[in-house]
Amino acid sequence: MRDDSGKWDAPLPSGYVHDANGMTLAAVTLARQVLISGPDVLTQTKQPIAGWPDIVTADSYALSVRRDRVLLVNGPTVSEGWHDDIGQAVSDASDAYAVFDVSGERSLEVLKRGAELNLDVPSRSVARLLFGLGVFLYRYEMENSFRIHVASAHAETLVKSLEGAIAAC
Amino acid sequence: MTSHRTTRVALIDRSKPLRFSFDGKEYQGYEGDTLASALLANGVRVMGRSFKYHRPRGPWGAWVDDPNAIMTVTLNGHSFPNCPATSTPLVEGMQARSVNAWPSAAFDIKSGLDLFHRWLSAGFYYKTFMWPNWHLFEPIIRKMAGLGDISRDVLEGYSADQVFDHCELLVIGGGAAGLAAARAAAEAGKGVVLVEDHPVLGGGLHQMAEVEGLAPADWIAEQVNAITSAGGRILTATTAFGVYDHGLVGLAENGPFGTAPRLHRMRADRIVLATGALDRPITFAGNDRPGVMAMDGACEYLARYGVLVGRKIALVSNNSLADAAEVLLAEAGAQVLRLPPHDGPMQALGGKRIKGIAQGAKRHDVDTILASGGMTPLVHLWRHAGGKLNWCETRQAFLPGAAPDGMVAVGAVNGAFDLDVSLSEARAAGNGKSPDLSPTSYALTPLWPDPGSKGRQWIDFQHDVTLKDVELAARENYVSVEHLKRYTTLGMASDQGKTSNMAGLAAMAAVQGRPLPEVGTTTFRPPFVPVPLEMYHGHHGKQLWHPLKRLALEPQHRAAGAALGEYGGWLRPGWYGKGEAKQLIHQEVLTARGSAGIFDASPLGTIEVMGPDAETFVNFIYYNTIRTLKPGHIRYGFMLTEGGIVLDDGVITRLDQNRFVISCSSSHVDSVRTHLEAWRQDGNNPDRIFVHDQTQHWATVTIAGPKAREILAALALDVDLSAKAFPHMTLQETHFEETPMRIARVSFTGDLSYELSVRCAKAPALWEAVVKAGQALGAAPIGIEALSILRAEKGYIMVGKDTDGETMPHDLGFGVPRLNKSSAFIGDRSLHCDKANATNRKTLVGLAVPTGAPPLTTGAHLVDGTPPRSQGYVTSSYESPTLDRPVALGLVENGAARIGETVSVWHLGDIREATICAPCAFDPEGERLHA
Numbered sequence: 001m002r003d004d005s006g007k008w009d010a011p012l013p014s015g016y017v018h019d020a021n022g023m024t025l026a027a028v029t030l031a032r033q034v035l036i037s038g039p040d041v042l043t044q045t046k047q048p049i050a051g052w053p054d055i056v057t058a059d060s061y062a063l064s065v066r067r068d069r070v071l072l073v074n075g076p077t078v079s080e081g082w083h084d085d086i087g088q089a090v091s092d093a094s095d096a097y098a099v100f101d102v103s104g105e106r107s108l109e110v111l112k113r114g115a116e117l118n119l120d121v122p123s124r125s126v127a128r129l130l131f132g133l134g135v136f137l138y139r140y141e142m143e144n145s146f147r148i149h150v151a152s153a154h155a156e157t158l159v160k161s162l163e164g165a166i167a168a169c
Numbered sequence: 001m002t003s004h005r006t007t008r009v010a011l012i013d014r015s016k017p018l019r020f021s022f023d024g025k026e027y028q029g030y031e032g033d034t035l036a037s038a039l040l041a042n043g044v045r046v047m048g049r050s051f052k053y054h055r056p057r058g059p060w061g062a063w064v065d066d067p068n069a070i071m072t073v074t075l076n077g078h079s080f081p082n083c084p085a086t087s088t089p090l091v092e093g094m095q096a097r098s099v100n101a102w103p104s105a106a107f108d109i110k111s112g113l114d115l116f117h118r119w120l121s122a123g124f125y126y127k128t129f130m131w132p133n134w135h136l137f138e139p140i141i142r143k144m145a146g147l148g149d150i151s152r153d154v155l156e157g158y159s160a161d162q163v164f165d166h167c168e169l170l171v172i173g174g175g176a177a178g179l180a181a182a183r184a185a186a187e188a189g190k191g192v193v194l195v196e197d198h199p200v201l202g203g204g205l206h207q208m209a210e211v212e213g214l215a216p217a218d219w220i221a222e223q224v225n226a227i228t229s230a231g232g233r234i235l236t237a238t239t240a241f242g243v244y245d246h247g248l249v250g251l252a253e254n255g256p257f258g259t260a261p262r263l264h265r266m267r268a269d270r271i272v273l274a275t276g277a278l279d280r281p282i283t284f285a286g287n288d289r290p291g292v293m294a295m296d297g298a299c300e301y302l303a304r305y306g307v308l309v310g311r312k313i314a315l316v317s318n319n320s321l322a323d324a325a326e327v328l329l330a331e332a333g334a335q336v337l338r339l340p341p342h343d344g345p346m347q348a349l350g351g352k353r354i355k356g357i358a359q360g361a362k363r364h365d366v367d368t369i370l371a372s373g374g375m376t377p378l379v380h381l382w383r384h385a386g387g388k389l390n391w392c393e394t395r396q397a398f399l400p401g402a403a404p405d406g407m408v409a410v411g412a413v414n415g416a417f418d419l420d421v422s423l424s425e426a427r428a429a430g431n432g433k434s435p436d437l438s439p440t441s442y443a444l445t446p447l448w449p450d451p452g453s454k455g456r457q458w459i460d461f462q463h464d465v466t467l468k469d470v471e472l473a474a475r476e477n478y479v480s481v482e483h484l485k486r487y488t489t490l491g492m493a494s495d496q497g498k499t500s501n502m503a504g505l506a507a508m509a510a511v512q513g514r515p516l517p518e519v520g521t522t523t524f525r526p527p528f529v530p531v532p533l534e535m536y537h538g539h540h541g542k543q544l545w546h547p548l549k550r551l552a553l554e555p556q557h558r559a560a561g562a563a564l565g566e567y568g569g570w571l572r573p574g575w576y577g578k579g580e581a582k583q584l585i586h587q588e589v590l591t592a593r594g595s596a597g598i599f600d601a602s603p604l605g606t607i608e609v610m611g612p613d614a615e616t617f618v619n620f621i622y623y624n625t626i627r628t629l630k631p632g633h634i635r636y637g638f639m640l641t642e643g644g645i646v647l648d649d650g651v652i653t654r655l656d657q658n659r660f661v662i663s664c665s666s667s668h669v670d671s672v673r674t675h676l677e678a679w680r681q682d683g684n685n686p687d688r689i690f691v692h693d694q695t696q697h698w699a700t701v702t703i704a705g706p707k708a709r710e711i712l713a714a715l716a717l718d719v720d721l722s723a724k725a726f727p728h729m730t731l732q733e734t735h736f737e738e739t740p741m742r743i744a745r746v747s748f749t750g751d752l753s754y755e756l757s758v759r760c761a762k763a764p765a766l767w768e769a770v771v772k773a774g775q776a777l778g779a780a781p782i783g784i785e786a787l788s789i790l791r792a793e794k795g796y797i798m799v800g801k802d803t804d805g806e807t808m809p810h811d812l813g814f815g816v817p818r819l820n821k822s823s824a825f826i827g828d829r830s831l832h833c834d835k836a837n838a839t840n841r842k843t844l845v846g847l848a849v850p851t852g853a854p855p856l857t858t859g860a861h862l863v864d865g866t867p868p869r870s871q872g873y874v875t876s877s878y879e880s881p882t883l884d885r886p887v888a889l890g891l892v893e894n895g896a897a898r899i900g901e902t903v904s905v906w907h908l909g910d911i912r913e914a915t916i917c918a919p920c921a922f923d924p925e926g927e928r929l930h931a
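These protein sequences, in sequence, are chains L and D.
Residue numbers for the first sequence follow the working numbering, so the first one is 1 and each next one is one higher.
Residue numbers for the second sequence follow the working numbering, so the first one is 1 and each next one is one higher.
A hint or two may mislead.
[Said to hold, decoys possible] BS3-like, lysine-lysine: derived pairs with alpha carbons at most 30 Å apart:
hint : chain 1 : residue 1 : chain 2 : residue 2
1    : D       : 762       : L       : 160
2    : D       : 542       : L       : 160
3    : L       : 7         : D       : 801
4    : D       : 578       : L       : 160
5    : D       : 127       : D       : 468
6    : D       : 582       : L       : 7
7    : D       : 433       : D       : 388
8    : L       : 7         : D       : 578
9    : D       : 542       : L       : 7
10   : D       : 16        : L       : 7
Calculated directly from the structure, the hints in this document are not laboratory data.
In this text, all values refer to a predicted model and were calculated from it rather than measured experimentally.
Start from the sequences and build out the full structure, keeping to the hints where you can.
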């Protein structure tokens, strides 16, 4: 029983941006994130589905998380619950994941501080362990721009790890 | 001076002199020197003291094979202990001090210990310090033992960068074989990374006059150019210190002195091992004296640093590599005397400096003895990877045998001591072929320790293990090499067997009369060389050491003056306000009982289970019957392990026919999710059940207390809050600021309570609204500490605190659900075993203390008999502000049947009395709960 408030940095401000060493780490606000699971979800999803190391260019897209699950990003509103007609479980996860973009010429080197990444080894899933945290990682719009979805309660941890990695690069 | 700098062209930059000191005396070296080479150039031979006997020690080798010259180096005010002088680059202003010596290595006051060596043999302290008590002697022994002292300074910024990397082919070793293999592979289009632990490539090539018709430096430059031109990468000053699973190699890339190495976690598809071989010592009397050095080490000092280690040198070697060494040393100006080691027992003469060497009746006046008992291939990394070793009778050495997946050994590590053979097999390996053992011109006469021979003969220089120690270990039946190692400390610490292993094994083989390969080797483990712990530590420090989950409402809690702390992996408010914590917490309890406490319950699990088989699944997962739960209703229940042990408790809500929400304990969310996923895929159809962990999407604000309904009503939500319309253990769905809201009427305090859940983005607005509404009615935010008291007053448990690794649900008073359950569930079978139904199981009880007595100590044991036997222990204990007396919960043998019994409670020698009572001390009829 003790007061450890001073040992922890204050939570991230809204609109967080960090520029250093020619790289930018910035919080991203998305309209919607929806977790959809189902045995055929990968073939049923209408949005383009991203794996690793795909570059996403669409505004609305789906992340392949595992063989029976996608995270629909900026998709249409879908009612939550079990959809018996199409065999899908749907949950709004808009606030479950904090989202950040890491961009800059050496952004891959930054991320290699936290995970074994290889652009030559593709994966159908964007799920990774980055700095020990479960994340969804893919490229967004550019070759050197990476987007990361992390459990929102771990946002501060991911940012602090990335800031350290940027400083080391 | 015996050792001195020559004019030979070397790898140092003579235009850049560097000043440094050793044991308080000033010296000068050059850029490119190591501490050891600079000291040798200044004629310094004694650079350290041995571990046990404090005998003077000079360098044996010229690189990582040296076990003797270990120093504490201070630079820019910061001290770094245990720096190997042979591999520490010289830097301007370095202040080096020998470890394990005072006042200096040259004159060490503890050297008198050597006079008592007859009584200090291996294992002496195991036998000597048993009476009256080991702990009596332990402090002084520990003070005397060890090498170096850790600086108490905190070195800010000493942080290791850690990088994950990948390559098609990793070549370890930048000597002739490594360079040739890397070039061949790079030119064949492979993605090659070559690592070399020296700052300069070339390995032993610098000792040679030419390589394939070129000067060594030109040949090396040509290979480097070819490798980099083909896209290969070269990392110098980088040591491959360990090989781990699936081709993962740990690389320590050294930067400037005083900075932490960078750790590369290199995943390689293939590995070419070109780590070379080391000279092994010859075991003869006085072979530990300063001035007895490795033949190859002496050649390296000359080739790399221009340092000739002696003027009159006895070259004692049993192998053909001595011929080239003799020429090299003689050309540099040394008088070299070749002594065949088989011509009779030898003895080094002299103390801190060599005066000569005696062999039989002959005495030779020399100032340096160079020894080579044959080459020992550096197979450490090969063994880390699981490769086998074969004994080579021709080379008298263990060589790489059956290869681990994706690894091949080339060059000297593979027994190819001839340059042309080495290059040939390296190029083949670079092109993907695995070389066989090639014929060799290398010849040697076996030369191993001779048990029973006269004189003190050192096997392990660093730990003062002598031949007699090995003989003693064998007499005491420590005949396994692993036991020998631990009994004598042979091959431990920074040496890791590099110089001592073969001599030790051979001595043990000779003592037992067994062939050396039959004795085998000890286990090779990473790291190959000492590396700072900081390198493994990396960025995991301070807030990243054990990062906590952060609440969406943390800014609101901070603004309200919350004392934040770790509770179940989350940074949560323990209490609010400034002042004496206990008083603040008690006030929060009274507020919650008098009006209402407002509480951030967001970490509680929100795990949705959906699908056509969801009902069957949760009914199987839970100890309680869930099948009968109606939509909009909530049930309290347990999840068990297969062993019937309580894994978690919490409530489950049915939203509709195919959708459930599991609200598990805050600290168990990850384990419960894993538990659900595991069972979903085992024995169930995973296409008909889906588990979504929604915990971090939702934030939950709880209002608990007699005025909870009035506070909730003030939010003007579209919900009928009457007890009849909204009874205990039901759920209503509505909207808050146009977003979905769930209101669960459940309680963890024993009072009327509502849990309001909205998406995190709306949590601040909800919190502000609830606090504002609550303030008007005397309610206020409360922290975890107050909640813990409130729930203990009611007798509600916390799994993991009020349960242990043996607690089953019936131990907590929940025996009925299993009697009513008609279908199988996890843990069912285990609840029927004898142990599960024994009468002496520890069950949950309350514990009351006499009037006026203070609270019991959590963890205190309930005891009986003489000597005292534990019957159980106190799991939770608090001063209850509500009841104005202590309350406690405990797990006690057969406790439920002993209500009213007085028991003794023992804690740190004090014994107190307590009375076993029912766990619930507050509102046992539940009138407030169902209000």
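Results of checking the hints against the structure:
1. About 25 Å separates the Cα atoms of residue 762(D) and residue 160(L), which keeps this hinted pair within 30 Å; it holds.
2. Restraint check for residue 542(D) and residue 160(L): satisfied, since their Cα atoms lie roughly 11 Å apart, inside the 30 Å limit.
3. At most 30 Å may separate the alpha-carbon atoms for a hinted pair to count; residue 7(L) and residue 801(D) meet this at roughly 26 Å.
4. Using a Cα cut-off of 30 Å, the hinted pair residue 578(D) and residue 160(L) holds, with the two alpha carbons roughly 29 Å apart.
5. Between residue 127(D) and residue 468(D) the alpha-carbon distance is near 17 Å, which keeps this suggested pair within the 30 Å criterion.
6. A distance of roughly 21 Å separates the Cα atoms of residue 582(D) and residue 7(L); the hinted pair therefore holds under the 30 Å criterion.
7. For the suggested pair residue 433(D) and residue 388(D), the alpha carbons sit about 19 Å apart, so the restraint of at most 30 Å is met.
8. Distance restraint check for residue 7(L) and residue 578(D): the Cα-Cα separation of roughly 17 Å lies within the 30 Å cut-off, and the hinted pair is therefore satisfied.
9. As the CA atoms of residue 542(D) and residue 7(L) are separated by approximately 8 Å, the hinted pair is consistent with the 30 Å bound.
10. Restraint check for residue 16(D) and residue 7(L): not satisfied, since their Cα atoms lie roughly 47 Å apart, outside the 30 Å limit.
Of the numbered hints given earlier, the model fails hint 10 alone.
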